[in-house]
Amino acid sequence: MDVQILLTNLSNPTLLYFVLGVVACLVKSDLEIPATTTKFIALYLLFSIGFRGGQELAHQDLSREVLFSLLLGAVLASAIPLYTFFLLKRKLQLADAAAVAAANGSVSAVTFVAASEFLHAMGLDMGGHMVAVMALMEAPAIAVAVLLLRRYEEPEPGQATGLRHTLHHALTNGSVLMIVGSLVIGAIADSKQAEGIAPFTTDIFKGFLAIYLLEMGMITARRFAAFRQYGLLVPALGVVLPLLNGCLGVWLSGWVTDDPANRFIFAVLAGSASYIAVPAALRIAAPNADPGLYIPMALGVTFPFNIAVGLPLYWGLVNA
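For the sequence shown, the numbering used here begins at 35 and goes up steadily by one.
No lab work stands behind these hints: they were computed from the structure.
Any given hint might turn out to be false.
[Said to hold, decoys possible] DMTMM-like cross-link-like pairs, simulated, lysine to aspartate or glutamate; straight-line CA separation at most 20 Å:
id: 1; residue 1: Lys125; residue 2: Asp64
id: 2; residue 1: Lys226; residue 2: Asp237
id: 3; residue 1: Lys125; residue 2: Asp324
id: 4; residue 1: Lys123; residue 2: Glu187
id: 5; residue 1: Lys240; residue 2: Asp224
id: 6; residue 1: Lys226; residue 2: Asp324
Build out the structure end to end from the sequences listed, making use of the hints.
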């Protein structure tokens with residue numbers, strides 16, 4: 035069953051465009067996407083993910099389990115980048131440590147979909163509020179990473195470094211503000227009115243995602259040297275961090291729900307690494323971070339590990 039899920043995801047058109055980007059770079063093609071277009075698509079992806087997550091929140095009854103699930107999601111998305119950053123900042127550049135921390139603290143929507151299919155194959159369904167938990171976990175990881183980066187990086191001449199300024203800068207950063215603001219707007223927007231922009235937030239999402247991953251593929255291929263520079267450190271982290279975080283999700287989710295399907299989804303969310311929202315955000319918030327480091331780690335190591343090994347492992351731990 036996990037093999038079928040792996041094959042299904044590897045044949046996903048959006049991921050195949052990532053491969054096309056890698057191939058385009060390796061064969062030295064003149065294929066190029068303008069920087070302004072890439073920035074627009076990055077902001078669009080953040081807008082769409084946030085708005086749809088807010089809509090899911092609006093449709094949920096705020097029971098005790100739902101509220102505590104949302105709280106746990108926010109705690110995981112804040113705690114994971116926090117300890118990951120301090121674990122890595124002595125081994126990596128500050129911007130790179132913050133980027134890896136944000137990627138691992140945030141979530142992979144594609145892995146989330148694969149986990150849903152995993153449950154469906156066994157005749158099980160997760161709670162609808164878990165979609166909102168997934169969307170909610172995008173923003174805290176990005177905010178924490180930006181906050182840590184602003185706190186520890188060498189300030190430019192004349193740059194304010196106080197806690198108040200740092201918090202303001204992190205929370206008003208364009209990428210963070212876009213996804214958080216879209217989440218709030220999606221939650222309070224009238225459902226019938228929201229249907230009017232559904233073609234923009236939903237129907238064309240995968241098309242823009244494919245173009246964005248095409249660009250990410252070209253960037254990643256240009257910077258494969260990052261893996262060679264750090265030896266086995268990066269591939270090892272791409273496996274160890276999701277394994278650790280997934281087990282943490284299994285354990286902590288037992289305090290908020292008894293539903294094995296929801297606990298499994300928590301483990302998947304904690305163990306996955308973002309290669310959509312975080313690269314889109316960090317391209318704006320942390321331009322000095324090397325995409326050739328955190329994107330290959332998330333997409334080339336963590337993603338296939340979770341699909342092939344993580345899903346059955348987390349499910350086994352939930353039912354142990």
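Would you check the hint for Lys240 and Asp224, treating anything up to 20 Å between C-alpha atoms as holding? violated (24 Å)
Given hint Glu187 paired with Lys123 - CA-CA distance at most 20 Å: Answer holds: Lys123 to Glu187 is near 11 Å, not above 20 Å.
CA of Lys125 to CA of Asp324, is that 20 Å or under? holds (14 Å)
Decide if the proposed pair is consistent with the structure: Lys125 and Asp64, CA atoms, cutoff 20 Å inclusive. violated (35 Å)
Holds or violated: are the alpha carbons of Lys226 and Asp324 at most 20 Å from each other? violated (42 Å)
Given hint Asp237 paired with Lys226 - CA-CA distance at most 20 Å: Holds, because 17 Å separates the two Cα atoms, which is no more than 20 Å.
Going down the numbered hints, you'll see the structure goes against 1, 5 and 6, while the others check out.
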